[in-house]
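Peer 1: For the sequence shown, the working numbering gives the first residue as 1, with consecutive numbering after it.
The set of hints was computed from the structure by calculation and includes no laboratory data. Backbone N, C-alpha and C define an ideal beta-carbon position, used for all residues, glycine too.
No farther apart than 16 angstroms at their CA atoms in a straight line, the calculated lysine to aspartate or glutamate pairs in the EDC-like style are these:
1) K3 to D65
2) K5 to D65
3) K5 to E71
Label-pair ranges, simulated between beta-carbon atoms:
4) A2 to Q77: 15 to 25 angstroms
5) S64 to D20: 23 to 33 angstroms
6) S16 to N59: 27 to 37 angstroms
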Amino acid sequence: MAKRKRLADSAMLAISICQDCPIKAECLAEGMKPENIEHGIWGGMLAGERILMAGIPTNRTIRSDAITFAEGVRLWQGISLTT
1 MAKRKRLADS AMLAISICQD CPIKAECLAE GMKPENIEHG IWGGMLAGER
51 ILMAGIPTNR TIRSDAITFA EGVRLWQGIS LTT
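Please construct the entire structure, taking both the sequences and the accompanying hints into account.
Peer 2: Below is the structure:
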């Protein structure tokens, strides 16, 4: 649990850095590419958020785990991915 919290804290820090980035949109476009979509933070979005946004089937464990992690991070921030 402590490791997951540290990862979430790191993710929230990275997302906060993205907020004012002048190339945020271009970065997100790069993150939506198939080779990048399952990994990292691109354009201020977690992998799970990009997977949901792209409508990619979540039949692979890594995708389901990424979505679960993104939901947890956003809940810690007070944001729901389902609304």
